[in-house]
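2 protein chains.
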Amino acid sequence: MAGGTASASAPWKTLLLKALDSNSHLKHSAFFQLATVGSNGRPANRTMVFRGFQENCDKIQINTDARSSKIEDIKYCSFGEICWYFTDSWEQFRISGRIDIINGSNLDPLKLQQRQKAWFASSPKSRLQYLGPIPGLPVITENPGAENQLDPSTGPVDAFCLLILDPEQVDYLNLKSNERLMFTSRPSANGCKVWIFQKVNP
Amino acid sequence: MAGGTASASAPWKTLLLKALDSNSHLKHSAFFQLATVGSNGRPANRTMVFRGFQENCDKIQINTDARSSKIEDIKYCSFGEICWYFTDSWEQFRISGRIDIINGSNLDPLKLQQRQKAWFASSPKSRLQYLGPIPGLPVITENPGAENQLDPSTGPVDAFCLLILDPEQVDYLNLKSNERLMFTSRPSANGCKVWIFQKVNP
Numbered sequence: 002m003a004g005g006t007a008s009a010s011a012p013w014k015t016l017l018l019k020a021l022d023s024n025s026h027l028k029h030s031a032f033f034q035l036a037t038v039g040s041n042g043r044p045a046n047r048t049m050v051f052r053g054f055q056e057n058c059d060k061i062q063i064n065t066d067a068r069s070s071k072i073e074d075i076k077y078c079s080f081g082e083i084c085w086y087f088t089d090s091w092e093q094f095r096i097s098g099r100i101d102i103i104n105g106s107n108l109d110p111l112k113l114q115q116r117q118k119a120w121f122a123s124s125p126k127s128r129l130q131y132l133g134p135i136p137g138l139p140v141i142t143e144n145p146g147a148e149n150q151l152d153p154s155t156g157p158v159d160a161f162c163l164l165i166l167d168p169e170q171v172d173y174l175n176l177k178s179n180e181r182l183m184f185t186s187r188p189s190a191n192g193c194k195v196w197i198f199q200k201v202n203p
Numbered sequence: 002m003a004g005g006t007a008s009a010s011a012p013w014k015t016l017l018l019k020a021l022d023s024n025s026h027l028k029h030s031a032f033f034q035l036a037t038v039g040s041n042g043r044p045a046n047r048t049m050v051f052r053g054f055q056e057n058c059d060k061i062q063i064n065t066d067a068r069s070s071k072i073e074d075i076k077y078c079s080f081g082e083i084c085w086y087f088t089d090s091w092e093q094f095r096i097s098g099r100i101d102i103i104n105g106s107n108l109d110p111l112k113l114q115q116r117q118k119a120w121f122a123s124s125p126k127s128r129l130q131y132l133g134p135i136p137g138l139p140v141i142t143e144n145p146g147a148e149n150q151l152d153p154s155t156g157p158v159d160a161f162c163l164l165i166l167d168p169e170q171v172d173y174l175n176l177k178s179n180e181r182l183m184f185t186s187r188p189s190a191n192g193c194k195v196w197i198f199q200k201v202n203p
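So the sequence lines, in the order shown, correspond to chains H and B. Using the working numbering, the first residue of the first sequence is number 2, and each one after it goes up by one. Using the working numbering, the first residue of the second sequence is number 2, and each one after it goes up by one.
Just so you know, the hints here were simulated from the structure itself, not pulled from any lab data. As the structure is a prediction and not an experimental result, all values here were calculated from the model. Be careful, since some hints might not be right.
What the hints assert, rightly or not - Computed cross-link-like contacts, DSS-like style, restricted to lysine-lysine with a CA-CA straight-line distance of at most 30 Å:
(1) K177(H) <-> K126(B)
(2) K76(B) <-> K76(H)
(3) K60(H) <-> K14(H)
(4) K14(B) <-> K200(B)
(5) K60(B) <-> K76(B)
(6) K28(B) <-> K14(H)
(7) K118(H) <-> K177(B)
(8) K200(H) <-> K126(B)
(9) K126(B) <-> K19(B)
(10) K14(H) <-> K194(H)
(11) K14(B) <-> K118(B)
(12) K112(H) <-> K194(H)
(13) K200(B) <-> K76(H)
(14) K112(B) <-> K194(B)
(15) K19(H) <-> K200(H)
(16) K177(B) <-> K126(H)
(17) K200(H) <-> K28(B)
(18) K28(B) <-> K28(H)
Pulled out of the complex, with its shape left as it was, chain H reads as follows (with noise of 0.2 Å):
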């Protein structure tokens, strides 16, 4: 395994899927960071709760708030890298690529499909939160949002967005065995991608 190994399926998908298995007692299993650029050239950090694969692909989910400062990083340098460590098994996932940001004024009707399916696949507690003030300006008014009320047949409101990573590099280490595979893909003659991975030194 020291030297590469072509596959035309995520082989670290497997990996994740295993862990995320492992470690399903835990709430937080779901919970990745999310690293970003900011228009300063300044790294920004914070976590994010895993949505799911796209359907039959290796793509990773995200809801965010259309209105929260990561928009503007991600149109600044729409790179990011997800930090994902699961507690239980201590494995480390760290994954790379480009993200798409999916809003409601998006043109293409597939993914407009998609930012509906996430908002109805979110719960109706969670779905008040995109009801609320702009995060991260200064409170106004003490619980706000507390009167919000959403018909749980609403489709999803202006402030949701849904981000889509796309991974073009993953790193994963396990410290239970001391083992760390680089996986690394390249674009296939037939639009899809090709997975290489090394074994290289934690």
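Got chain H; can you put chain B on it based on the hints?
Relative to chain H, chain B alone:
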């Protein structure tokens, strides 16, 4: 509290020490994710271990391998952002600031002393990893460094590097109370920092 409140000591440090204490039964409570920017302009993100505050101040200590790629990142852009999520108390600290690299070639005797202190504060087992092969390069031999030994009185080896992050801004979020506080600093006349904080929308 919606207005600004000025303070000479770091008011977020009290919250952080409290979070460390209330999550101390979890080994991973000392782990956080550090984001940097690489020379390709893209973000990088990895899990690191909190090695304490510098004496009598709010600067954060991190040990790392001088041969790891994060050193190149920090030389390119000296800013980093820590994202520290406490899984039991549901608190998040986003700590951004400039990072100082202290390796064996540093010319400041005080900094070299800090590096030596950090070396001896780490476990003999963790010191051994700095004798291993270069992180991130392909594995050439299995179990490299398994035969390495290090006298406990030996000082820091070349690969041992101390990082010091000097916080400029701390974004605190409590997911149980749904409260968010933004702490910002500015230099004061005597060379110290003055912190102000404000309650912002989560």
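For each hint, the structure was consulted:
1. A hinted pair counts as satisfied when its Cα atoms are at most 30 Å apart, and K177(H) with K126(B) qualifies at roughly 14 Å.
2. Restraint check for K76(B) and K76(H): satisfied, since their Cα atoms lie roughly 25 Å apart, inside the 30 Å limit.
3. For the suggested pair K60(H) and K14(H), the alpha carbons sit about 10 Å apart, so the restraint of at most 30 Å is met.
4. At most 30 Å may separate the alpha-carbon atoms for a hinted pair to count; K14(B) and K200(B) meet this at roughly 16 Å.
5. Restraint check for K60(B) and K76(B): satisfied, since their Cα atoms lie roughly 19 Å apart, inside the 30 Å limit.
6. Proximity of K28(B) to K14(H) is assessed by CA-CA distance (about 27 Å); at most 30 Å being required, the pair is judged to hold.
7. Straight-line distance between C-alpha atoms of K118(H) and K177(B) comes to about 28 Å, which keeps the hinted pair within the 30 Å bound.
8. Proximity of K200(H) to K126(B) is assessed by CA-CA distance (about 23 Å); at most 30 Å being required, the pair is judged to hold.
9. Note on K126(B) and K19(B): the hinted pairing holds, with a Cα-Cα distance of about 29 Å set against a maximum of 30 Å.
10. In summary, the hint linking K14(H) to K194(H) is supported, as the alpha carbons are separated by about 13 Å, within the 30 Å threshold.
11. A threshold of 30 Å between alpha carbons decides the hint, and for K14(B) with K118(B) the separation of about 22 Å falls inside it, so the pair holds.
12. Between K112(H) and K194(H) the alpha-carbon distance is near 20 Å, which keeps this suggested pair within the 30 Å criterion.
13. The straight-line distance between the Cα atoms of K200(B) and K76(H) is roughly 27 Å, inside the 30 Å bound, and the hint therefore holds.
14. For the proposed pair K112(B) and K194(B), the alpha carbon gap of about 20 Å is at most 30 Å, so the pair holds.
15. For the given pair, K19(H) sits about 19 Å from K200(H) by alpha-carbon distance, which is consistent with the 30 Å threshold.
16. Distance restraint check for K177(B) and K126(H): the Cα-Cα separation of roughly 14 Å lies within the 30 Å cut-off, and the hinted pair is therefore satisfied.
17. Pair hint K200(H) plus K28(B) holds up; C-alpha atoms about 27 Å apart against a cutoff of 30 Å.
18. The hinted pair formed by K28(B) and K28(H) meets the criterion: a straight-line CA distance of about 17 Å does not exceed 30 Å.
The structure agrees with every numbered hint stated previously.
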